[in-house]
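Student: Chain by chain, the residues run as shown.
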Amino acid sequence: NAGVTQTPKFRILKIGQSMTLQCAQDMNHNYMYWYRQDPGMGLKLIYYSVGAGITDKGEVPNGYNVSRSTTEDFPLRLELAAPSQTSVYFCASRWEDDSPLHFGNGTRLTVT
Amino acid sequence: QKEVEQNSGPLSVPEGAIASLNCTYSDRGSQSFFWYRQYSGKSPELIMSIYSNGDKEDGRFTAQLNKASQYVSLLIRDSQPSDSATYLCAGGFTGRRALTFGSGTRLQVQP
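Residue numbers (our numbering), protein chains in the order written: chain A, 1 to 112; chain B, 1001 to 1111.
To be clear, the hints were calculated from the coordinates, so they are not data collected in a lab.
All values reported here derive from a predicted model rather than from experimental measurement.
Some hints here could point you the wrong way.
Coverage of chain A stretches by chain B, computed from C-beta distances (three or more under 8 Å per stretch; other residues unrestricted) [what the hints assert, rightly or not]:
hint, stretch
1, 48 to 57
2, 62 to 74
3, 95 to 102
Ideal placement from N, C-alpha and C gives every residue a C-beta, glycine not left out.
Using the sequences and the accompanying hints, generate a full structural model.
Tutor: Below, the structure written as structure tokens:
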């Protein structure tokens, strides 16, 4: 099993550009999550989904959008990138409420 | 008050010693707790899960949960320099679909 796969690994964006961070899992997990982690800081939840067609905001959703059309995929869309969105983005998934999270390897994004 | 709190450290221990990492939480509707290890520049990886009061051992790691006192801890025996990392505590609470993470404790094991 590949687990949770994130692409790209690195990306540099100019201010105002848009991009989509891809996340796919092959574990048939219902729940998927997007976190960001700024240098030396903890994880902040951006958006999450408990199943296909269902998404919900986390603590820092502004500037981002998500969709969940399939169980496997949970892309994160950045519109009008800003320097404040420079961060490492982690996608994670789990089976149900009491299950542990499985993380992808992360996408390192720089907005200049 | 943060819902899951950890001392940011760094916690420095000599090689071969026991490292004790602590986490307190404020929500009594706790269901599950998890310890993750995160090396610099890497993603968090699961070390231990614990669901009920008491101790759970896995190799050099022991997780302890005390729901009455609202704390969870991780003991690392025979600490190695390769254990140097940030350790994240995460709790799953009733009615919440996302885990609540602490900000992490940085552990340094001195050779």
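Student: Decide, hint by hint, whether the structure agrees.
Tutor: Right, here's what the structure says about each hint:
Coverage of a stretch by a chain is defined here by at least three residues with a beta carbon nearer than 8 Å to that chain's beta carbons; for the stretch 48 to 57 of chain A and chain B the count is 3, and the condition holds. Using a Cβ-Cβ cut-off of 8 Å, 0 residues of the stretch 62 to 74 of chain A lie near chain B, which falls short of the minimum of three, so the contact claim is violated. Counting residues of the stretch 95 to 102 of chain A whose CB lies closer than 8 Å to any CB of chain B gives 5, which reaches the minimum of 3, so the coverage claim holds.
Comparing the model with each numbered hint stated earlier shows that hint 2 is the single one that does not hold.
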